[in-house]
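Residues per chain, in single letters:
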Amino acid sequence: MKEISLEDVEYAARLAKLDLSEEEKVSMTSQLGDILGYVAKLNELDTDDVEPTAHVLPIKNVWRPDKREESLSREKVLQLAPKAHEGQVRVPRVVE
Amino acid sequence: MELNLRSAREVVRMVREKKVSAREVVKDVLAAIERTDPLVKAYLTVDEKGAVKQAERVDEKLARGEEIGDLGGLPVAVKDNFCVDGQETTCASKILKGFYSPYDATVIRKLRESGAILVGRTNMDEFAMGSTTENSAFGVTHNPWNPERIPGGSSGGSAAAVAAREAIVALGSDTGGSIRMPASFCGCVGIKPTYGRVSRYGLVAYASSLDQIGNFAKDVWDCAMVLSVIAGYDRKDSTSVDVEAPDYTASLNGEIKGVRIGIPTEYFGAGLNEEVRSAIEEVIRTLRGLGATTVEVSMPHTDYAIAAYYIIASAEASSNLARYDGVQYGHRTRSPNDLEQMYTRTKGEGFGPEVKRRIVMGTYALSSGYYDAYYLKALKVRTLIKRDFEEALRKVDCLLTPVSPTTAFKIGEKTGDPLTMYLSDIYTISTNLAGVPGISIPCGFDSEGMPISFQLQAKPFGEETILRVGHAYQQQTDFHKKMPTIAEDKPTE
Chain A
171 MKEISLEDVE YAARLAKLDL SEEEKVSMTS QLGDILGYVA KLNELDTDDV
221 EPTAHVLPIK NVWRPDKREE SLSREKVLQL APKAHEGQVR VPRVVE
Chain B
83 MELNLRSARE VVRMVREKKV SAREVVKDVL AAIERTDPLV KAYLTVDEKG
133 AVKQAERVDE KLARGEEIGD LGGLPVAVKD NFCVDGQETT CASKILKGFY
183 SPYDATVIRK LRESGAILVG RTNMDEFAMG STTENSAFGV THNPWNPERI
233 PGGSSGGSAA AVAAREAIVA LGSDTGGSIR MPASFCGCVG IKPTYGRVSR
283 YGLVAYASSL DQIGNFAKDV WDCAMVLSVI AGYDRKDSTS VDVEAPDYTA
333 SLNGEIKGVR IGIPTEYFGA GLNEEVRSAI EEVIRTLRGL GATTVEVSMP
383 HTDYAIAAYY IIASAEASSN LARYDGVQYG HRTRSPNDLE QMYTRTKGEG
433 FGPEVKRRIV MGTYALSSGY YDAYYLKALK VRTLIKRDFE EALRKVDCLL
483 TPVSPTTAFK IGEKTGDPLT MYLSDIYTIS TNLAGVPGIS IPCGFDSEGM
533 PISFQLQAKP FGEETILRVG HAYQQQTDFH KKMPTIAEDK PTE
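In the order they appear, the protein sequences are chains A and B. Quick note, the numbering used here runs 170 ahead of the 1-based positions in the first sequence. Quick note, the numbering used here runs 82 ahead of the 1-based positions in the second sequence.
Treat the hints with caution; some may be incorrect.
Cross-link-like lysine to aspartate or glutamate pairs, in silico, EDC-like; alpha carbons within 16 Å at most [stated by the list, open to error]:
hint	chain 1	residue 1	chain 2	residue 2
1	A	LYS195	B	GLU436
2	A	LYS246	B	ASP167
3	B	LYS318	B	ASP186
4	B	LYS462	A	ASP219
5	B	LYS131	B	ASP152
6	A	LYS211	B	GLU230
7	B	LYS143	B	GLU195
8	B	LYS462	A	GLU240
9	B	LYS318	A	GLU239
10	B	LYS477	B	GLU378
11	A	LYS187	B	GLU422
12	A	LYS246	B	GLU170
13	B	LYS462	A	GLU239
14	A	LYS230	B	ASP324
15	A	LYS195	B	ASP319
16	B	LYS318	A	GLU240
17	A	LYS187	B	ASP420
18	B	LYS496	A	ASP204
19	B	LYS179	B	ASP420
20	A	LYS172	B	ASP454
21	A	LYS246	B	ASP186
22	B	LYS179	B	ASP385
23	A	LYS253	B	GLU92
24	B	LYS541	B	GLU473
25	B	LYS318	A	GLU221
26	A	LYS187	B	ASP407
27	A	LYS253	B	GLU195
28	B	LYS100	B	ASP129
29	B	LYS468	B	ASP385
30	A	LYS211	B	ASP385
31	B	LYS176	B	GLU436
32	B	LYS462	A	GLU214
33	B	LYS496	B	GLU230
34	B	LYS462	A	ASP218
35	A	LYS230	B	ASP319
36	B	LYS564	B	GLU530
37	B	LYS468	A	GLU240
38	A	LYS187	B	GLU230
No lab work stands behind these hints, which were simulated from the structure alone. Computed from a predicted model, the values in this text were never measured in an experiment.
Throw the hints in and build the complete structure from the sequences for me.
Here's what the structure looks like:
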């Protein structure tokens, strides 16, 4: 497996919409290199015939009846928003 | 009267019998916090007024002859990743600074209904990512047994609060050892129940297939008492399991004759500190003396748990933490030029180094071209680890292991090297991957006076087994009764 590069870190950070300083990118590249080097030991195991376990419970989809229920009030929720305007969350302009 | 030094069981009984008031109990706990917490720094916030008010309500109910609940008058400390209506819920992160939860987590509602009193919120590694509580954005918590050492993590504040007698019991969360490891380092009892045993509605998510709520206490009985209240199905958490929650104290009869205890060879290899090893061997002798039988078992994939864990946990974290984008709540960067910059700067400013590291690692492991090699591989190895537990627990009733290879290390000792830090979780991480219950129980001290603990694990929903064995052990030993000198400081008369 190829080593993780600075470009890989930048690419993943971009996917995660996470701003990193140049310093952070450099130290993260070397730290993630160490960690992924360690993780490579998983390849010692033959898992060709092993099913993956995403979680341990024998539960698939859990639905509740499609009925309207009480939820938090709009007022209470908007109080938490960094910016709100006329009953809605306000963000920078999306369409020009 | 120093009611903070008493067990939860005693305090609840004394309040019920009106020998003391809930107000007196809370006052003693608050006084202990005031005396000791400037050194320990277990709490991020203490709700003095609210706690006294809650206590007075319990006392009023009692005076009117009404039922006060199974934990009536018992002060509880809560890790900072639990939503409590009206309380600032930060997960020790700058990104949630100023976020006041608009609702109660299910476990908080259950505690309130049982008459427990919420005294404050405890420090943690940011978003529960860490093993020392050094990743908190709001400062380091000190181990009550030696302030130069870490308390363990991520629930380090809760463990330190109980150990320093600044709380009688506390709630925490455990994703890879975050309850059991700090409990061990601070010398108190900590349980991580079966995945699905306790509702996580209102617990801020880190790695959803691994996170589980549990609690800290001075002894196994108190631990069982609190678990009985918080356990159970909740329709608001679709991963909680509809298995009836028993009264866990009912199984604590001190009787463990014939219980079969497995000792997994792989947990006693190189890297295990000799003092820890001999303390655990002494536990084995004690339990045999009580009539339990011990057999060696093999769990061959133990050594792969950390590698699988960091891929899975980081992948889930990168998805869970995408929500902190500055739109609906929490931190938002100042005057962004556009939406994209609002997202990237908000996260860049709000998250600390370890959280960023896991977001990037998780995103990378899930990205096109790497998914099969890292994420899918880790999920397959998880299956092998789970099978190890299933096979071992077919032969025995529970497993006995160390909690951590060493005792609490020094503050700053491992902060520069994330990989070495991760390796300290080697004995606790498999439990979460397999979804089984685990408990950490004090069993001695090293030559420098730092606590040592052992871990018991059982099959899913086998909490009664490990609690029963742990309780029987505590009937024979008094390590759980020792407290750090910092907690012995008497109030000035």
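For each hint, the structure was consulted:
1. A:LYS195 / B:GLU436: 13 Å, holds
2. A:LYS246 / B:ASP167: It holds: about 11 Å lies between the C-alpha atoms, which stays within 16 Å.
3. B:LYS318 / B:ASP186: 12 Å, holds
4. B:LYS462 / A:ASP219: 9 Å, holds
5. B:LYS131 / B:ASP152: 23 Å, violated
6. A:LYS211 / B:GLU230: Violated: A:LYS211 and B:GLU230 sit about 35 Å apart, past 16 Å.
7. B:LYS143 / B:GLU195: 13 Å, holds
8. B:LYS462 / A:GLU240: Violated, because 40 Å separates the two Cα atoms, which is more than 16 Å.
9. B:LYS318 / A:GLU239: Holds. B:LYS318 to A:GLU239 sits at ~12 Å (cutoff 16 Å).
10. B:LYS477 / B:GLU378: 10 Å, holds
11. A:LYS187 / B:GLU422: 8 Å, holds
12. A:LYS246 / B:GLU170: 15 Å, holds
13. B:LYS462 / A:GLU239: 39 Å, violated
14. A:LYS230 / B:ASP324: 14 Å, holds
15. A:LYS195 / B:ASP319: 37 Å, violated
16. B:LYS318 / A:GLU240: Answer holds: B:LYS318 to A:GLU240 is near 13 Å, not above 16 Å.
17. A:LYS187 / B:ASP420: Within the cut-off at roughly 13 Å; holds.
18. B:LYS496 / A:ASP204: 15 Å, holds
19. B:LYS179 / B:ASP420: Violated. B:LYS179 to B:ASP420 sits at ~23 Å, over the 16 Å cutoff.
20. A:LYS172 / B:ASP454: It holds: about 14 Å lies between the C-alpha atoms, which stays within 16 Å.
21. A:LYS246 / B:ASP186: Between A:LYS246 and B:ASP186 the Cα gap is close to 14 Å, so the pair holds against 16 Å.
22. B:LYS179 / B:ASP385: Judged against 16 Å, a Cα distance of about 38 Å means the pair is violated.
23. A:LYS253 / B:GLU92: 49 Å, violated
24. B:LYS541 / B:GLU473: 10 Å, holds
25. B:LYS318 / A:GLU221: 29 Å, violated
26. A:LYS187 / B:ASP407: 9 Å, holds
27. A:LYS253 / B:GLU195: Judged against 16 Å, a Cα distance of about 35 Å means the pair is violated.
28. B:LYS100 / B:ASP129: Answer violated: B:LYS100 to B:ASP129 is near 24 Å, above 16 Å.
29. B:LYS468 / B:ASP385: 13 Å, holds
30. A:LYS211 / B:ASP385: 9 Å, holds
31. B:LYS176 / B:GLU436: Within the cut-off at roughly 13 Å; holds.
32. B:LYS462 / A:GLU214: 13 Å, holds
33. B:LYS496 / B:GLU230: 13 Å, holds
34. B:LYS462 / A:ASP218: Status holds; Cα separation ~9 Å.
35. A:LYS230 / B:ASP319: 13 Å, holds
36. B:LYS564 / B:GLU530: 15 Å, holds
37. B:LYS468 / A:GLU240: Cα-Cα ~39 Å, so violated.
38. A:LYS187 / B:GLU230: This hinted pair is violated, its Cα atoms lying about 37 Å apart.
Consistency with the previously given hints fails for numbers 5, 6, 8, 13, 15, 19, 22, 23, 25, 27, 28, 37 and 38, ordered from lowest to highest.
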